[in-house]
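K.L.:
In case you want the letters, here they are:
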Amino acid sequence: MVLERMADEKKICFIICVNNDFFYEECVKYIHWLELPEGMELEILEIRDAKSMASGYQRGMMRSNAKYKVYMHQDVFIINRYFIHDIIAIFKSQEKVGLIGLIGSVKVPRNGVMWSEGRVGNWTEMIPWEGYRYDMEKDGGWEVEGVDGLLMATQYDIPWREDLFDGWDFYDLAHCFEMKRGGYHIVVPVQRHIWFIHDDKAALALWNYNKYRKIFVEEYIKDLDL
Amino acid sequence: MLEHFFLPEEREVLRTICQLETLDCLVTRKIEKDAERNSAVEAFIRAEQEAEISFLLKEQFMHQMDILLSKGTVEAWLEIMIWYSLLEEKKMLVEDFWEFPALRAVIDIFMRELGAFVEERVDRISVLSLHNMQELTDAYLKTIFLCRRIEYGVEPMDEIIGYMENKKLSMVFIHGIVDTAQIYNKEKVIKAIEEWC
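Chains Y and R, in that order, are what the protein sequence lines are.
Once you know that position 197 of the first sequence is 197 in this note's numbering, the rest is easy, because the numbers rise by one and skip nothing.
Once you know that position 36 of the second sequence is 1036 in this note's numbering, the rest is easy, because the numbers rise by one and skip nothing.
Please keep in mind that the hints were generated in silico from the structure rather than gathered at the bench.
Among the hints, a few may not be true.
Straight-line alpha carbon distances no greater than 27 Å define the calculated BS3-like cross-link-like pairs of lysine-lysine that follow [stated by the list, open to error]:
| hint | chain 1 | residue 1 | chain 2 | residue 2 |
| --- | --- | --- | --- | --- |
| 1 | Y | K29 | R | K1188 |
| 2 | Y | K29 | R | K1167 |
| 3 | Y | K211 | R | K1090 |
| 4 | R | K1186 | Y | K29 |
| 5 | Y | K211 | R | K1033 |
| 6 | R | K1030 | Y | K214 |
| 7 | R | K1191 | Y | K29 |
| 8 | Y | K211 | R | K1030 |
| 9 | R | K1033 | Y | K214 |
| 10 | Y | K211 | R | K1058 |
| 11 | Y | K29 | R | K1168 |
| 12 | Y | K51 | R | K1058 |
| 13 | Y | K211 | R | K1091 |
| 14 | R | K1091 | R | K1058 |
| 15 | Y | K29 | R | K1142 |
I would like the entire structure built from these sequences, with the hints used as guidance.
P.N.:
Right, dumping it as structure tokens:
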């Protein structure tokens, strides 16, 4: 269900759940480093004391009237300087694309473990970032069933399933499936040069992953049969 | 027997390692019995079952590292290496908490600095000035962030020079971090810093 609200098409909002200022401040430096298309307004919402990722993102979504929203982790640094241009170009060219991610899974396995059957989004060439521009026509993207929550850009507001996912896992995959239930597509652009750095070395914190995996499978795996 | 060789804090760490090993064996047996065994899910079942004791071990281990780091001596660092190797050998914690890759990277830097100290008569080993895990992880991350800003031209780029002086970090330290971190144009970063120094 898409929330019917007046959305500002000239605005992009980055929504970040924060529990570590050290990472957050660095993350924001890279957001300010991005090229902002002319006439576009940039908004950054830091969500403190979120009970869960889904509830934090839901709070951020309701607070912003931006048409374009980027939900991302505090330890992700966007290094494609034209990121905002690129995602808006994709959204504008394909109205049915509801969500863009940077790493994803073309087919989500029935066990819900996104990575157990390969993923897409890893960069393909080692080229200097200075000379890199994404070309939507030539580079294209993958249509996927799920993306990693490290970064999720949307052009439609669909409620986050904070009722089911009250922790830090599977909120991302659940949101992808909600998008699909809403009739939207999800894409991962082909990144000849990597678009992001994720400082998550050994920080996957998967202690509750199995609990939420079971909830996810229960709620969404039936959608794969449709 | 343990009482004769180890301090109370060290004995606690060792006991918890034994408990985690025992629990891990039990979880393995349980998983093996499960008819619907699924290798993709096994790691998560294990994490779920072992979460509580893993967090306890992490807390005890970090405390033990703080004790050793506070000494600021080469001998203490050699002990840190032994403790870390124990966890690494048993495949415990080192891939579960982000502090451990930082510790691993700084151990490698210590080895390089120790080599330079012995062979090239470099005047000091800069990692000895990191007196607890908080300082160690802060120095590790901050250095990565500052180096990365050089790579992408994110302002202020030369902040790293002030940081190195303030924290008394050597070029060996910077090289060690650049080698470990997700920095793609390592040459560009090192060249810029060397020009500023």
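K.L.:
For the pair we were handed, K1091/R and K1058/R, check the Cα-Cα distance against 27 Å.
P.N.:
holds (13 Å)
K.L.:
When you check the alpha-carbon spacing of K1191/R and K29/Y, does it fall within 27 Å?
P.N.:
Distance of about 23 Å is within 27 Å: holds.
K.L.:
Between the alpha carbons of K29/Y and K1168/R, is the straight-line distance 27 Å or under?
P.N.:
Within the cut-off at roughly 25 Å; holds.
K.L.:
When you check the alpha-carbon spacing of K1033/R and K214/Y, does it fall within 27 Å?
P.N.:
holds (20 Å)
K.L.:
Does K1030/R pair with K214/Y here, judged by a C-alpha cut-off of 27 Å?
P.N.:
Holds - the C-alpha atoms of K214/Y and K1030/R are around 18 Å apart, at most 27 Å.
K.L.:
Is the hinted pair K29/Y and K1142/R satisfied, with a Cα-Cα distance of at most 27 Å?
P.N.:
holds (14 Å)
K.L.:
Just to be careful, I want the Cα atoms of K211/Y and K1030/R compared with a cutoff of 27 Å; is the pair within it?
P.N.:
At roughly 17 Å apart (the allowed maximum being 27 Å), K1030/R and K211/Y satisfy the hint.
K.L.:
Verify the proposed pairing of K211/Y with K1090/R, using a straight-line Cα cut of 27 Å.
P.N.:
holds (26 Å)
K.L.:
Between K29/Y and K1167/R, does the CA-CA distance stay at or below 27 Å?
P.N.:
Distance ~23 Å between K29/Y and K1167/R Cα, so the pair holds.
K.L.:
Mind checking the alpha carbons of K51/Y and K1058/R for me, to see if they're no more than 27 Å apart?
P.N.:
Given pair K51/Y, K1058/R holds - Cα atoms ~24 Å apart, limit 27 Å.
K.L.:
Holds or violated: are the alpha carbons of K1186/R and K29/Y at most 27 Å from each other?
P.N.:
holds (21 Å)
K.L.:
Need the status of pair K211/Y, K1033/R: alpha-carbon distance at most 27 Å?
P.N.:
Measuring from Cα to Cα gives roughly 20 Å; hence the hint holds.
Comparing the model with each numbered hint stated earlier shows that all of them hold.
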